[in-house]
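**Q** So the sequences go chain by chain: A, B and C.
Residue numbering for the first sequence follows the working numbering, starting at 1 and increasing by one per position.
Residue numbering for the second sequence follows the working numbering, starting at 1 and increasing by one per position.
Residue numbering for the third sequence follows the working numbering, starting at 1 and increasing by one per position.
No lab work stands behind these hints: they were computed from the structure.
Keep in mind that a hint or two might mislead.
Said to hold, decoys possible - Within a straight-line C-alpha distance of at most 20 angstroms, the following computed SDA-like cross-link-like pairs (lysine to any residue) qualify:
#1 C:Lys191 x C:Ala177
#2 B:Lys72 x B:Leu26
#3 C:Lys191 x C:Ala80
#4 B:Lys162 x A:Asp335
#5 B:Lys72 x A:Leu353
#6 C:Lys191 x A:Arg349
#7 C:Lys191 x A:Arg350
#8 B:Lys72 x B:Arg93
#9 B:Lys72 x A:Thr235
#10 B:Lys72 x B:Arg14
#11 C:Lys191 x C:Phe79
#12 B:Lys72 x B:Thr61
#13 B:Lys162 x B:Ala144
#14 B:Lys162 x A:Arg338
#15 B:Lys162 x B:Leu151
#16 B:Lys162 x A:Thr339
#17 B:Lys72 x B:Ser12
#18 C:Lys191 x C:Leu89
#19 C:Lys191 x C:Tyr88
#20 B:Lys162 x B:Arg216
#21 C:Lys191 x C:Thr219
#22 B:Lys72 x A:Arg133
#23 C:Lys191 x C:Met180
#24 C:Lys191 x A:Leu353
#25 C:Lys191 x C:Tyr83
#26 B:Lys72 x B:Asp27
#27 C:Lys191 x C:Gly218
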Amino acid sequence: MPTVDTAAPATGSPARPSEPGSVLRPPRWRRTTPWLLLVLAVVAGFGLQTQLYTGQERTASTILMFVSLAVAWNLIGGYAGYACFGQVGFFGLGGYTTAVLMTHARLSFWLALPASAVLVGVFAALIGAPLLRLRGHYFAVAMLGVAEGLREVVTNVPGLTGGGAGITVPTVDAGAPTRWLGNDGFYVLFLLLAGVLVGVGLLVSTSRAGYALRAINQDEDAAAAMGINTTVAKTMALAVSAALTGAVGAAYAFQQVTIYPERLFDVDITVLMVVMVMLGGAGTVIGPVIGAVAVAFASEWLRQHYPLVHTFLLGGLIIAAVILLPQGFTTYVHDAVRTRRFSPLANLRRYRL
Amino acid sequence: MTAPILAARGLSRRFGGLRATHSVDLDLYPGQILGVIGPNGAGKSTLINLLTGHLRPHAGTVLLDGHDVTGKRPWHIAQAGVARTFQIVKPFRGMTVADNVVVAGLYGARGPAGTTTGAPAGAVGGRRSGTGAARPRAGRRTLAAVRRDALETLERVGLADKAHLAPAELSVADARRLELAKALGLRPRVLLLDEVLAGLRPGEIGPALELIGSLRRDGLALLMVEHVMSAISAVCDQVLVLHQGEVLTTGEPTAVLSDQRVIAVYLGTRFNQSGSARRTPRGDSDPSSEQSGPAPLAEREEEPR
Amino acid sequence: MARDHLMSQFLQATLYGLLQGGVFALVAVGFSLVWGVMNVVNLAHGAFVVAGAYLAFELHSWTGIDPFLSVPVVAVALFALGYLVQRYLVNLVINAPVFITLLLTFGLELVIVNGMIMLFTANYRSIPTGYATTSLALPGDVRLPLGRLIAALLAVGLTLALGYLMRHTRIGLAILATGMDRGAARLMGIKAAHVYALTFGLAVALAGIAGAAVGTIGTFSPADAGRFTLFSFVAAVLGGLGTMSGALYGGLLLGLAEAWGGQLLPGTLVNAVAFAVLVVVLAVRPQGLAGRSFYAARVEV
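One chain only, chain A, in its complex shape (with noise of 0.2 angstroms):
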């Protein structure tokens, strides 16, 4: 169809193909290597902890917390992308789900993440259905108002959740479901989480979603000649992505005990997720994880360092990070590899108007 495709104009360099060497099956070692990579870095994940104490181990946690919701955001962002800026809501509905199943169900946590997750991916694939029907800045806006409004729902039914002054999930008493799994507890469960979600990046990046969500990606109309049923596969995408982001949100809500409103749809944190798979590079595997690993790293020692100008120092960086390393880390190096151009100012030239 005659679509004006004005969103988007023409850049001089246009985004390389991720795989070069893709002409033919990649050979085993290129099919096994990123597996055996991702259980040498879980074990060295088990090492590390012994190696940490209170709190390090903590911000280890929180560092692979976000690598976890990193890897999540990347498949509806970075592979179909469609920017998701709603994607606290999922984590927000996970953890608010879990807490209220653990405080009033007495459910036990093992079961009520679980159907956090499917509740949250539900709910995703529902909201989609309408709204990935949205472009561009639309769908965004649209999404960040859907996260706005479970926050002010969510708020708004205190005999459910406590309402703005927040609700605690049992942890200590005879009556608790769960017990409260403790620093080195969480610090495995989240390490374990990350750990599953970077393999269902690795399954989807290299199956035939993958290429249908890339596909998308780049074009719908030719995507759907190419018989791809675009609007499951982005409902899909949305839900899968959703439904692992309610998961995290579900582990996040039973390590703080008490969580609020304010914080679990605390906008910032779906900022947070873009900004580390956009620099990490999107639509890539190991570029959401080096992009979380950096940022939270970086947020957390800024935050420890300067307390009082963090966040102000955040947003110089990601201005600066956004200007020099637009494709993402991962993707530059890629290229700089391939044509043997390394400096960062290329980019400079690449978006300018």
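Since chain A is already given, all that's left is putting chains B and C on it; use the hints.
**A** Just chains B and C, lined up with the frame of chain A:
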């Protein structure tokens, strides 16, 4: 004559007050090429979009194997074996040339490897009745098999040596070839080509027409929207002329291209009457038309703009 | 008697909604302009509104100048700021995908908001004026607060003036032309980098003036920046992007929805009204209630 694979009856679509296509009938037969010509804005691309489900018609029906597929979504039509190219090429920029074709193999018509003709006749939209023995239901093929087929397809269009490149690194002609390869990757029975020759140098048109001819020999039903009149007259079995969204005339290429009404539509009526009126730059450079009035359109390389 | 009371309550809410909506229109019009012309969703827009409020506040406390009289100073200062930000920051990534400009402006928002917290603390404050609490009594037991009336009149006047500027002046036409087709505008000799910077400067100046108005009729703090950005979103989407009249309709509708929602809904659920309206309008009619968007909003397939 056998039954048409793809047919349109009374196909109409408006954009606001503009009638982009109005009451268009056409039939595509296996092993035949229908050329669609008409001035810019005649509704040629809209026609393709209506046939593939990228646009919904306001009136009329699209029939595939005699089944009504009007209003089916593009992916249903594509999976049923109808492939298309886009006038403005739409490569998947983040992937290699090879992976672009792999996408088609993964999601398009499913059939045994190594054939260009694709899906079973019959139901569209998931329910595959199939024709049984000739085409066992192959189901989902492995990525490796799809990759092998993609390389074969690329070889056929002459892009095998560029399989590892990014689409952005291709020339205009190669980008058109990739567009064609993506369509062929679906292993279609029907192929709708929207100006695949546009932007090609004269030397590149011959091989492209040979390829199109070989697709006809394979039994594909082809529709080609084209401005290169020599190409239309060289390969088309039938030509359909669109003017302001309506079918002006249809018939054999030689007859249609020398039809006074068709020439009038392309060059304006005054030209037709006096034989020496307003002329395009290309017309001016054509000495034959100076003396003998309008030349048959088939002798012109490009549509006058 | 009770019915009379309800009626006057309803009228009062409607009046408040319209007055508030006029200010929303001025908050949103610059946002809508930038979105429509450059396809940039400026997440820092609300931060510029608050910056305008602080500037008017500081001018008032140094010199005692009335905040409505300090509007030209605020406008010039924020225009300069906006021009520089666009010219030397946003223009650098103007051709990048949607995410990039969203992130850049979010980074800007963090810097401006936290910079203001460092300078002014996060406390709520307001600009005191002699007439802010004065109100006229209207028939039907409805009161018309003078400060809000002035703010709304100023806001609606400026919004309409911007609409006139866009259609009837050289620079306005240059901005619209660049928004419709940058390549063609460039061929006409329009310098896109300069026009974009002017557009952004204009938008930021209007945001600053809106901030000065907001500061006189209520309280403000750096934490309000996000709220103003969201109001701008909603008003712009409601009215249809890029049109000045659209921002006016959108702002008024939003003001009314908030005022009536505040009467009818329990608790703080009124805060959800704006979002509910936003999501429903986007799902049903993404081109806005009035007019057409500049950019293709919907996937056709």
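**Q** Hint compliance check: list the failing hint numbers for this structure, sorted ascending.
**A** 5, 8, 20, 21 and 27
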